[in-house]
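Undergrad: Quick note on numbering: the sequence shown equals residues 1 to 297 in our numbering.
Each hint should be verified, as a subset may be incorrect.
Quick list of the computed label-pair ranges, beta carbon to beta carbon [to be verified]: (1) ARG228 / ALA88: 20 to 30 Å; (2) ARG231 / THR107: 11 to 21 Å; (3) PRO96 / ARG263: 25 to 35 Å; (4) ASP254 / GLN163: 36 to 46 Å; (5) SER43 / GLN156: 39 to 49 Å; (6) SER154 / ARG250: 18 to 28 Å; (7) ARG294 / ASN112: 29 to 39 Å.
The set of hints was computed from the structure by calculation and includes no laboratory data.
Cβ coordinates follow ideal geometry from the N, Cα and C atoms, glycine included.
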Amino acid sequence: MQGSRRDILIKAAGAAAMLAAPTGAWAQAGFASRRITVETRGSGPDLILIPGLASTAAIWRSTADRLAGRYRLHLVSVRGFGELPAQANSDGGVLPPVAGEVLRYITETRLNRPAIIGHSMGGQIGLRVASDWPWAVGRLMTVDSSPFFAALISPQATVRDVQPLAQVAYQAIQLLGDEALRSQGRQFGVELGGAADSLFSGIGWQGGDRQVLAQSLYEVMTVDLRPRLPRISAPVTVVYGWSPDRNSPRGHADSVFRDAYARLPSPATFERIEGAEHMVMIDQPTRFVAAVDRFMG
Numbered sequence: 001m002q003g004s005r006r007d008i009l010i011k012a013a014g015a016a017a018m019l020a021a022p023t024g025a026w027a028q029a030g031f032a033s034r035r036i037t038v039e040t041r042g043s044g045p046d047l048i049l050i051p052g053l054a055s056t057a058a059i060w061r062s063t064a065d066r067l068a069g070r071y072r073l074h075l076v077s078v079r080g081f082g083e084l085p086a087q088a089n090s091d092g093g094v095l096p097p098v099a100g101e102v103l104r105y106i107t108e109t110r111l112n113r114p115a116i117i118g119h120s121m122g123g124q125i126g127l128r129v130a131s132d133w134p135w136a137v138g139r140l141m142t143v144d145s146s147p148f149f150a151a152l153i154s155p156q157a158t159v160r161d162v163q164p165l166a167q168v169a170y171q172a173i174q175l176l177g178d179e180a181l182r183s184q185g186r187q188f189g190v191e192l193g194g195a196a197d198s199l200f201s202g203i204g205w206q207g208g209d210r211q212v213l214a215q216s217l218y219e220v221m222t223v224d225l226r227p228r229l230p231r232i233s234a235p236v237t238v239v240y241g242w243s244p245d246r247n248s249p250r251g252h253a254d255s256v257f258r259d260a261y262a263r264l265p266s267p268a269t270f271e272r273i274e275g276a277e278h279m280v281m282i283d284q285p286t287r288f289v290a291a292v293d294r295f296m297g
């Protein structure tokens, strides 16, 4: 989440075109929802993958190609991101009802305590599912995610501290033109700085419906899920990227993530993947897949 982010973006953008097209045999799950879509592939233990802000299932394509031989993958996309119509996500909150739809998918397709991996905002969705319905989740991995993103920047930050910035971000997205929504999310994050910059970093920005983007960003920036962590009974693995940066040594990165998850009833497993930025699975795919295999046990 630190270091030469612009270089990472350029590298990642080159990968985006390759990720956009499906590879292998993918199928739409037999599940109707006005908030999410789900694609399935592979066989084995069930593994649900949830992308981050303004991202679709496309960010997982390369990872999924490496995993489909060992696991039954369920790739979630949030409606209103990328080219997906917003449908029900265009009105009211986004993350809480999306988490509810992930639970409904688990129950209606009769998955038995599947594993969940969520990147960034997707990690927060996974935390919601695991804390609100602990019986439904077998294990959870968050990837460069936090129950309260602002605390990664300033450990003493509060929701009240972040709300003015989040409101500016919400209004700014509403004012962006269509092309800017597709292509300027990264620059917007740089201009806002701090926690907002960390949320916009990398290939994940695929644009989408402005209302869904604005509302989702506001929720991600202002929600503090740390009080919910004691409810989680599933084992949790926290994966995060780190690249050499004199302003953020290894020890600092380790401590902010450990502090973020300190309220879990059982200590989390922490996996620092060096040479990666925010898009860990894109930046270091081999190391990330190895971390997934360890997580799945």
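Undergrad: Hint by hint, note whether the structure agrees.
TA: A quick look at each hint next to the structure:
1. ARG228 / ALA88: 20 to 30 Å: holds (24 Å)
2. ARG231 / THR107: 11 to 21 Å: Holds, since ARG231 and THR107 (Cβ atoms, about 18 Å apart) stay within the stated range.
3. PRO96 / ARG263: 25 to 35 Å: violated (20 Å)
4. ASP254 / GLN163: 36 to 46 Å: With a Cβ separation near 29 Å, ASP254 and GLN163 fall outside 36 to 46 Å, so the hint is violated.
5. SER43 / GLN156: 39 to 49 Å: For GLN156 against SER43, whose Cβ atoms are near 47 Å apart, the range 39 to 49 Å holds.
6. SER154 / ARG250: 18 to 28 Å: Hint holds: Cβ distance 19 Å, inside 18 to 28 Å.
7. ARG294 / ASN112: 29 to 39 Å: Check failed, 21 Å falls outside 29 to 39 Å.
Of the numbered hints listed earlier, those contradicted by the structure are 3, 4, 7.
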